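Novice: The lines below spell out each chain.
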Amino acid sequence: MQDITNEEIKRAFQYIDFSQMDKRMASNIAYQQAIRETYNKISQLITTKYSNNNPQNIDYIVMFFQEKEQRQVLEDAYRNAIERSKNKEQVDFRREKKNAQNQFVKFIAGFSAVLVIGCGSSKILFPMDKGTEIEKEPIKVEQTVHRTSNNTEVTFSDKEIEKMAKDLLELEGNYDYDYLIYKCFQELFRNPLKVESYMNTLFNYIHQYIEENIDGYSQQIVAALNYSTFNEYIASRGFKSIYEYRQVMGNQNIEYATLANESGGR
Amino acid sequence: MDYININGNEYLILDEIIINNIRYLYLSLETSLLNIMVNKVINENGKEYLSGLDTDDEVINALDIYFQRHKEEIGL
Chain D
1 MQDITNEEIK RAFQYIDFSQ MDKRMASNIA YQQAIRETYN KISQLITTKY SNNNPQNIDY
61 IVMFFQEKEQ RQVLEDAYRN AIERSKNKEQ VDFRREKKNA QNQFVKFIAG FSAVLVIGCG
121 SSKILFPMDK GTEIEKEPIK VEQTVHRTSN NTEVTFSDKE IEKMAKDLLE LEGNYDYDYL
181 IYKCFQELFR NPLKVESYMN TLFNYIHQYI EENIDGYSQQ IVAALNYSTF NEYIASRGFK
241 SIYEYRQVMG NQNIEYATLA NESGGR
Chain W
1 MDYININGNE YLILDEIIIN NIRYLYLSLE TSLLNIMVNK VINENGKEYL SGLDTDDEVI
61 NALDIYFQRH KEEIGL
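Those protein sequences? They're chains D and W, same order as listed.
Quick note on the working numbering: the first sequence kicks off at 1 and runs consecutively.
Quick note on the working numbering: the second sequence kicks off at 1 and runs consecutively.
Hints in this document: simulated from the structure, not taken from any laboratory.
These numbers come from a predicted model, not from an experiment.
Errors might be hidden in some of the hints.
What the hints assert, rightly or not - Here are the simulated DSSO-like pairs of lysine-lysine, each with C-alpha atoms no more than 27 Å apart in a straight line:
hint, chain 1, residue 1, chain 2, residue 2
1, W, K40, D, K86
2, W, K47, D, K97
3, D, K163, D, K194
Said to hold, decoys possible - Derived CB-CB ranges, DEER-like:
hint, chain 1, residue 1, chain 2, residue 2, range
4, W, G46, D, L193, 26 to 32 Å
5, D, D158, W, I22, 23 to 29 Å
6, D, R95, W, N21, 18 to 24 Å
All C-beta atoms in this analysis are idealised placements derived from N, C-alpha and C, irrespective of residue type, glycine included.
Start from the sequences, fold in the hints, and give me the full structure.
Specialist: Laid out in structure tokens, this is it:
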């Protein structure tokens, strides 16, 4: 069993010292996720050290220290991108077309590996040096290429969000409304910059419809959904921020999907 | 695949995203991984030019949106 020294704990805390962190980097979503994950792991580290030594936890903590180096890679990738992208003179350029899917796949694979590690995700990593394995999946490549050539900002109109609210309220039967709200959140998160505003609009409509005909809805719906804003709703569920909501519900959603698959896709 | 040629150097166009009516190009030298660069497209007299971004925040914001857009491929 490997021991964790006090020095390592101290270094780990230094690593997440927000006062030392570049505030601009702190605003980055991926970086925030990495920090949050790091913080959770450190909490676990402290618990392990000062309570009973659990071998499984020790493995987890050792893995965390190994990942720390890779988190640095993520931060460096952002810093380098800033250096390369800023304050450059205006230049002429020419577009060209080439058959270079392999290079692109390798790039995505490489960057994916860093980001996935950097964000502390437990999902499968793409191997950086095993391009041939990924190249066996031509559909994935085609999707990627397609998406790169069709980018406009995704927006949702009030009418679309109102319809979403109506559909939600018109469902018959027993539903996990928190799960359904999260599915709405996922859809509206296609525009991450406006998702909060969209969710507030959604709850506005829900609240309006319920208040107009409160006797027409089941107690379950009223209890679950009658909030005038999204922030009120997530606060009622004990979440301190939309970030926390997304993270926790995202994990639950994965578990939910797994259970659904295990029980035959119901 | 789309490339652009800047002063004789070829960059792979990873993506092209419009944010606040500004068209951003996400570029990479194909010979090297993890070297993403963001430029914006400026239109002058009907001709397109590439320009660097003005602030760190603008780069970070542009990268955030890129990663959100590609989160499924990336696995976030």
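Novice: List in ascending order the numbers of the hints, as given earlier, that are violated by the structure.
Specialist: none
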